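Sequence lines, in order, name chains U and V.
Each residue of the first sequence is one higher than the one before, starting from 1 at the first, in full-length UniProt numbering.
Each residue of the second sequence is one higher than the one before, starting from 1 at the first, in full-length UniProt numbering.
Hint data in this document are derived by calculation from the structure and do not stem from the laboratory.
For clarity, every value in this text was computed on a predicted model and none was experimentally measured.
Beta carbons: idealized from backbone N, C-alpha and C, even for Gly.
Take the hints with a grain of salt, since some may be wrong.
Unchecked claim - Pairwise CB distance ranges (calculated): (1) 224/V with 266/U: 50 to 58 Å; (2) 1/V with 182/U: 54 to 62 Å; (3) 298/V with 85/U: 19 to 27 Å; (4) 178/V with 145/U: 49 to 57 Å.
Claimed, not checked - No more than 25 Å apart at the CA atoms, straight line, and that leaves these computed lysine-lysine pairs for PhoX-like: (5) 173/U with 221/V; (6) 125/U with 144/U; (7) 173/U with 145/U; (8) 124/U with 223/V; (9) 125/U with 54/V; (10) 296/U with 276/U; (11) 145/U with 124/U; (12) 221/V with 124/U; (13) 124/U with 144/U.
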Amino acid sequence: MESILQVDNLEVCFRTAHGEVPAVRGASFSVRPGEVLSIVGESGSGKSVTSLSLMGLLPESARAMGSVRFDDRDLLRLNGEEMRELRGNGISMIFQEPMTSLNPVFTVGFQLMEPLRIHRDQSKKEAYREAVRLLEQVEIPEAKKRMEQFPHELSGGMRQRVMIAIALACRPKLLIADEPTTALDVTIQAQILDLIVDLKDRTGMGVILITHDMGVVAETADRVLVMYAGRVVEAAGVETLFHEPKHPYTQGLLQSVPNVDDSLYPLNSIPGYMPKPGEIQRGCPFHPRCREAVEKCRDHHPPSFAFGTEHVASCWLGEEEGEAHGGSSAG
Amino acid sequence: MAALIVRRLFQLVPLLLGVTFVVFISLHLAPGDPASIIGGPTATAEDVESIRQKLGLDDPLFTQYFRYLGDLFQGDLGYSYQSNQSVAEAIMLRFPNTFNLSVASMIVATLIGVGAGILSAIRQNSAVDTLSTIGALAGVSIPNFWLGSMLILIFSVYWQWFPAAGFTQPPWTWAGLRELILPAITLGTGSAALIARMTRSAVLEVIRQDYIRTARAKGVKEKSVILVHCMRNAMIPVITVIGLNFGFLLGGTIITEQVFAINGVGRLMVQAIAARDYPMVQGSVLLVATLFILVNLIVDILYAWIDPRIRYE
Numbered sequence: 001m002e003s004i005l006q007v008d009n010l011e012v013c014f015r016t017a018h019g020e021v022p023a024v025r026g027a028s029f030s031v032r033p034g035e036v037l038s039i040v041g042e043s044g045s046g047k048s049v050t051s052l053s054l055m056g057l058l059p060e061s062a063r064a065m066g067s068v069r070f071d072d073r074d075l076l077r078l079n080g081e082e083m084r085e086l087r088g089n090g091i092s093m094i095f096q097e098p099m100t101s102l103n104p105v106f107t108v109g110f111q112l113m114e115p116l117r118i119h120r121d122q123s124k125k126e127a128y129r130e131a132v133r134l135l136e137q138v139e140i141p142e143a144k145k146r147m148e149q150f151p152h153e154l155s156g157g158m159r160q161r162v163m164i165a166i167a168l169a170c171r172p173k174l175l176i177a178d179e180p181t182t183a184l185d186v187t188i189q190a191q192i193l194d195l196i197v198d199l200k201d202r203t204g205m206g207v208i209l210i211t212h213d214m215g216v217v218a219e220t221a222d223r224v225l226v227m228y229a230g231r232v233v234e235a236a237g238v239e240t241l242f243h244e245p246k247h248p249y250t251q252g253l254l255q256s257v258p259n260v261d262d263s264l265y266p267l268n269s270i271p272g273y274m275p276k277p278g279e280i281q282r283g284c285p286f287h288p289r290c291r292e293a294v295e296k297c298r299d300h301h302p303p304s305f306a307f308g309t310e311h312v313a314s315c316w317l318g319e320e321e322g323e324a325h326g327g328s329s330a331g
Numbered sequence: 001m002a003a004l005i006v007r008r009l010f011q012l013v014p015l016l017l018g019v020t021f022v023v024f025i026s027l028h029l030a031p032g033d034p035a036s037i038i039g040g041p042t043a044t045a046e047d048v049e050s051i052r053q054k055l056g057l058d059d060p061l062f063t064q065y066f067r068y069l070g071d072l073f074q075g076d077l078g079y080s081y082q083s084n085q086s087v088a089e090a091i092m093l094r095f096p097n098t099f100n101l102s103v104a105s106m107i108v109a110t111l112i113g114v115g116a117g118i119l120s121a122i123r124q125n126s127a128v129d130t131l132s133t134i135g136a137l138a139g140v141s142i143p144n145f146w147l148g149s150m151l152i153l154i155f156s157v158y159w160q161w162f163p164a165a166g167f168t169q170p171p172w173t174w175a176g177l178r179e180l181i182l183p184a185i186t187l188g189t190g191s192a193a194l195i196a197r198m199t200r201s202a203v204l205e206v207i208r209q210d211y212i213r214t215a216r217a218k219g220v221k222e223k224s225v226i227l228v229h230c231m232r233n234a235m236i237p238v239i240t241v242i243g244l245n246f247g248f249l250l251g252g253t254i255i256t257e258q259v260f261a262i263n264g265v266g267r268l269m270v271q272a273i274a275a276r277d278y279p280m281v282q283g284s285v286l287l288v289a290t291l292f293i294l295v296n297l298i299v300d301i302l303y304a305w306i307d308p309r310i311r312y313e
């Protein structure tokens, strides 16, 4: 199936007092309609920066290069106004903090009607009717009453539902969800994830789900990208990734998920820390923490190796088993 | 909302009682005797004593205070020792001038202050920001009387664009507006500077919030992001400063009225203090205090209107 988003060799740099610091290095991936692509990684791995660069919402000190194709256009080449017209319309985003993501001084109704008024040019009446329908769609009871309420009158889960309703108002082809459940109670987390998957199935939009929670990945993702220090280190279908992880970092991530069913299951953390953006890296960025690192890892950055269709990993251990897969990055 | 307003109006009563008491006591404790001022340099001790008796100044302080309060509750502010004119009349004659001057200054201060504040926040660390910072520093540092004199020198005497003194026409006419401009700038500059600084920091604070990113992610135009999503939140601290300054302006018109020879409450107050004209001073201070409290009540109502979270607390 044709992908709706095609990212090639995305690089994002931040200008800082210490010169240019790369936050994303050569990330390539695609999203197809109706699929959930999950991007996982630790804080600082570049997953949020990647998503903000797709939205054109990077801070002014950042510069994005490469190509991001969406709807036959390269988003990195659009001007500010063209990008604004696309935001909340073709591509929408929901954020981690539902408690602070809604404007406290406007009603839910105003904030929900806003994208409809901007992008669909709807009258107040049309937008109102559509907004009530959207609230019902995200399973908010008493939708009409909610329209007049302010964010502080709603619970965290409700607010995240409102955020989802806002994001879906103009039926985007792509929804970017940046850790949408991290700030919520566990029971609410599952509801919100179910809702996102359900809405995706109904509308056929593509979803990029950013998370550091492997449990969330297992439940929702179709395909997974693992990011480390600004690079995509492994990409695979969710089944493959969980059963045959190739990159030692992915293996480490999977082993560090607690297993509640087996009390004897050892919980392994990955020793060391991820290099900070801008730290000079030689060879594979993961090698100082890697149990299986060999001499080669210290000096040479590993290219991507392919293992069958749709599974690539950027690790020298795969050199013999995998096929060289252009570029130095997986995806 | 209505309950809030009623509650605040009731709070007015003890506050104003306090104001009358403090003003009354401090006036009587201050040196200077109205009776001897009225009698003039040639009056004998008996003359002064009889004036004192006539004015009731020989009664114990508390008797005088409660007599004053009693009159006040009947809406009687008393009569001027100097001119025998009714205090209420004297004030009402001059109050419109002071009010027009304060309101005009506040409009000038708000327009310049909020505008410069927003500009310097969204262009943080740019030339515009530096310029506005320097301007604000100059604005709070320049004394009123000097700024007023300079404006008169330049715009009235040298270029003759605006009249140099007095309010003679109603402010809604072109001529009246021209008379208002220089005094309003003189009085408003200090407040404009404070409002600009407060607006800048409030906007910088709000613009980093998650909901501003949400607004941008929805595709809201940058102009609306700033003027609607950001400003509605940033206005809360800014309105506090505007309200407080409006109160200070009402009381602080004295110098500007003096420089521009405007017949207002400020000048009336200065003359009354010099003449130890107790009823006139008490009446003017009471008016300014009432207005100050009312303006702050309006600020509180505006808070509740801007920020829904306050309404329910």
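Quick rundown of the hints versus the structure:
| no. | hint | verdict |
| --- | --- | --- |
| 1 | 224/V with 266/U: 50 to 58 Å | holds, 54 Å |
| 2 | 1/V with 182/U: 54 to 62 Å | violated, 37 Å |
| 3 | 298/V with 85/U: 19 to 27 Å | violated, 41 Å |
| 4 | 178/V with 145/U: 49 to 57 Å | holds, 54 Å |
| 5 | 173/U with 221/V | holds, 21 Å |
| 6 | 125/U with 144/U | holds, 13 Å |
| 7 | 173/U with 145/U | violated, 29 Å |
| 8 | 124/U with 223/V | holds, 21 Å |
| 9 | 125/U with 54/V | violated, 73 Å |
| 10 | 296/U with 276/U | holds, 22 Å |
| 11 | 145/U with 124/U | holds, 17 Å |
| 12 | 221/V with 124/U | holds, 18 Å |
| 13 | 124/U with 144/U | holds, 15 Å |
Hints 2, 3, 7 and 9, counting from the list given before, are not met by this structure.
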